[in-house]
Structures are given as structure tokens and as C-alpha cells.
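Participant: Each chain, written out:
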Amino acid sequence: MIQFKLPALGSDMDEGTLLEWKVGVGDTVKKGQVVAIVDTSKAAVDIESWQEGTVHQLIAEPGQKMPVGTVMATLLEAGEAAPAGVGAGAAAPAPAPPATPAAAPAPRRMISPAARKHAAEKGIDLDRVTGSGPHGAVTLDDVERAAAAAAVTAEPPAAAPGPGKPVDRTADMRRTIAAAMSRSKREIPHYYVAEDIPLAKALAWLQAANAARPMAERLLPAALLLKAVALGLQRYPELNGYWRDGEFQAEQAIHLGVAISLRQGGLIAPALLDAGSKTLTQLMQELTDLVKRTRAASLRSSEMSRATVTVTNLGDQGSQAVFGVITPPQVALVGFGRVAERPWAEDGGLKVLPVVTASLAADHRVSDGHRGALFLRELNDLLQRPEELEK
Amino acid sequence: MNTSEIRAVALATLLSIAPEVEADELRGDRPLRSQVDLDSMDWLNFLLGLHEKLKVEIPEADYARLVTLDDVVAYLQRKLAAQ
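Chains as they are written, first to last, in the numbering used here: chain Y, 48 to 438; chain Z, 31 to 113.
Misleading hints may appear alongside valid ones.
Stated by the list, open to error - In silico lysine-lysine, BS3-like type, Cα no more than 25 Å apart, as pairs:
hint, chain 1, residue 1, chain 2, residue 2
1, Y, Lys69, Y, Lys52
2, Y, Lys438, Y, Lys325
3, Z, Lys85, Y, Lys339
4, Z, Lys83, Y, Lys339
5, Z, Lys109, Z, Lys83
6, Z, Lys85, Z, Lys109
If you are wondering where the hints come from, they were derived from the structure by calculation, not from laboratory data. For clarity, every value in this text was computed on a predicted model and none was experimentally measured.
The task is simple: from the sequences and hints, build the whole structure.
Facilitator: Right, here's the structure in full:
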């Protein structure tokens, strides 16, 4: 019997609320299949199963809040018979499945961040708001209409059954980030190194590449930077993995957690999986998709839980440099500041070049500043050969 | 398409990316990205949205000219007129 437990979707998650089951009793579950949607303090997350089997019992019910590690369901392994008395499966359809709640589980809803924020401010229960956006998405206008209607009728906004108090996701997220970052600064002895990297070659290459691409397939400098990090980490495995149970566990795969800021405040760092093996075009497509889904609060558990290292990129609206706080149990964070033209001394002369400051915050229990500096040098070298990053 | 119609399309595209924006508070003559806090991905999606709605090609080499909302509207108007 396989116990399907609520996974930790990042070190900063303690509990989650089941929103919806995506499988029923008797269904066959394949590896990687989404079986449930769970609401965390950061987003509604598609929970994937990493084991195969047949759903025997759905224990958790939609709306139920539970700690990480709670057994949510049981699955039968291939060839395994259901225990006597608690049957399930195709021939005996759910003699005692958890009763379907009188109101069917609400389908997953798309809610714009601004709408969610406004609803929290106004005390509007989003479950009672009809969405008028694409695919029924709840927009800011919808919330404003609901707020206006609530004001006119003077009804308490949370009169609906179920958890009436509106969830202030922004405050929840702030608390979650506070807990994870406090733990990081308390437990991880950070060291920091930085390197200014000239990007003239990389940006010239990018400009030429983009000139030949349709608008929808153009690359951003971020894709080049991410690919360079992934390739660079292959030679510095001590920066890619986890500190667990008092020791470092290196990870073979390089899953880049990409820090994505949310418009209503806060950030999430879901993973670009196997970033080193992707072409630039693939990475760009996946980054675009990841940003879109992160801001729509629609992520998968594998993206939330599998990052082996984090990259934060302040972009062209940011500061010159960033020295990040490592996300435990990871052991490193790579930061990029704003790409800007700066004076650059080279070969006894001075010129003006686009430059980015790359930084590394790393765990001194695992690596030393010398290796960290060599990694940044490797990053620099890779970005001077942008054509090699395309593959 | 006149200036106000193009401006309306630009604002609608912007709101689809940054729904919290108060269109009335936007200054057309100030840098758009600093008023709205658009990162490079948002900016690319904004331009892509304009391209899809207006069928106007916006080469990357022209990005630097598109600083304010007024710049964007004037640029689009020129492009549409040339088609």
C-alpha cells in the first residue's frame, strides 16, 4: 500500500489546504500525474504523484487544511489486492469513499493577483465572485463590482458557508518568506563573492539571434544568464544540492529555482527543471510559461519542491548588484544585477560596455570563497562564448 | 486607427499584464516602465500583445525608442500609417 502524503513544496511550507482531487477511487495513477491541487501560502499548486498505482482511498477532503506529511490518500501497487473490508478498485467502486461534499469541490479558479489583493483588502470572499475574465478568471473589476454590491446591500461579505474569513495571501506569503529567510540566516553561514561580467559579446549575439526570430520567439538576456549558470554549475557540483541531516547531498540534475516577484508583493522561486540540458529557445519558452503561471498562481509540485539552486535576476529595472539569502536546504544562490553601460578597463584602454554584476551567496559549510570565485569566473567565460550556450 | 484608439489598445494591453495599474494616473510623457514596474519579461509581453492586436512588427532595435506611453502610441501610429 502506498501512502500518498502532502509533500513539502519548498522548505518554507508547513501546511496546505486541499482544494480539489484530480483523481477518483479506482483511477490508475502514473508517475508525474497531477492528482490534487493544494493551496499553500504562496500559490495553488498541482500536486504530482511520483509513484504509480491505483487509487484505493481518498482520505483528505477538499477544504481540509493539513500539515506537511499528512497521508492524503492511499494507492495500491500493481498487483496488490485491496485489504479486506476496505475495498476499492474497478470491480468494487468505492464502498466507503469519503463522501462527496454536498457542494462539489470548487473547480480551480484563476484570480488575478490584483483581484486577490483587492478582495483581501475589502474582505470579499472570492468564492462568491463570478469571474468575467478569460476562462472565468476573476478580475479586479469583478472584485470591485462585488465590493460595491456588498456595500449597497450591507451584507457581511463572508456569509457563505465554509471558512468565512478571507485569506490574506500577501500576509501569509510574507510570514512564509520571513520564516524561511530567518532560518537561512540563522543556520547557514553565508559567504559572498561577486564578479563584473562584460556582456557586449553576449548582447550582440542575442541581438543578431533575435533579429532572425519572430517576436514571440525572441530571447531575453535572462535566458542566456540562466543557461550559463546551469552549465557553470556542472563544473562546481558543491554549489548544486542540499544540506540535510548535517551533510551536503550533491544533486546530479540542475533545477534552477528562478526568483519571480509577484505584482502584489512577495516572490516565489519555482524551478526550471534540467536547465542545463535545454536549448536557449526551450529555456526561454519555459521561463515565459513559468512566470505566467507563477503570477496566475498555477504551479506544479515538482516546480515548487525540486530547485537545487536559486537564481535571482534583478533585471534592467533593478539595482547594480544583489547579494541574496540562500533558500534552505539549498546551498547557493546566484544573483544578477542590472545590465548597464559602465566604464571598462581592458588592454590598457578604457571603453564603455554593457556589464552585469554576478554574485554568489554560498554555504560555507559546503564550499569556500575560492571555489565560489572560480564558479563566477567560469560564468564569465561562458558568457563570452554565447553561441555555445544555444545548444 | 486614430491616436486615442491606439492609446486605448496600448492601455488595454498594459492592463492585461499589470492589472493593478490605474490608467488615469499614468503620465503619457513619463517613462512607462518606471511608472508601472514592468520587468523585461513584462515589457516583451506588452510589445508582443501590441504586435498581436495591431499586426505591427516591432524590431528589437526599436525598443530603445519606446520609453513613454506617448512614444509607444506615436510609434504605432507611424507603423500603421506606413502599412
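Participant: Determine for every hint whether it applies to the structure shown.
Facilitator: Each hint tested on the structure:
Among the hinted pairs, Lys69 (chain Y) with Lys52 (chain Y) is consistent with the structure: their alpha-carbon atoms are about 15 Å apart, no more than 25 Å. For the hint pairing Lys438 (chain Y) with Lys325 (chain Y), the CA-to-CA distance comes to about 7 Å; that is within 25 Å, so the pair holds. With a C-alpha separation of about 23 Å, the suggested pairing of Lys85 (chain Z) with Lys339 (chain Y) holds against the 25 Å cut-off. Annotation: proposed proximity of Lys83 (chain Z) to Lys339 (chain Y) holds, straight-line Cα distance about 19 Å (limit 25 Å).
Among the hinted pairs, Lys109 (chain Z) with Lys83 (chain Z) is consistent with the structure: their alpha-carbon atoms are about 13 Å apart, no more than 25 Å. Using a Cα cut-off of 25 Å, the hinted pair Lys85 (chain Z) and Lys109 (chain Z) holds, with the two alpha carbons roughly 10 Å apart.
Of the numbered hints stated above, none is contradicted by the structure.
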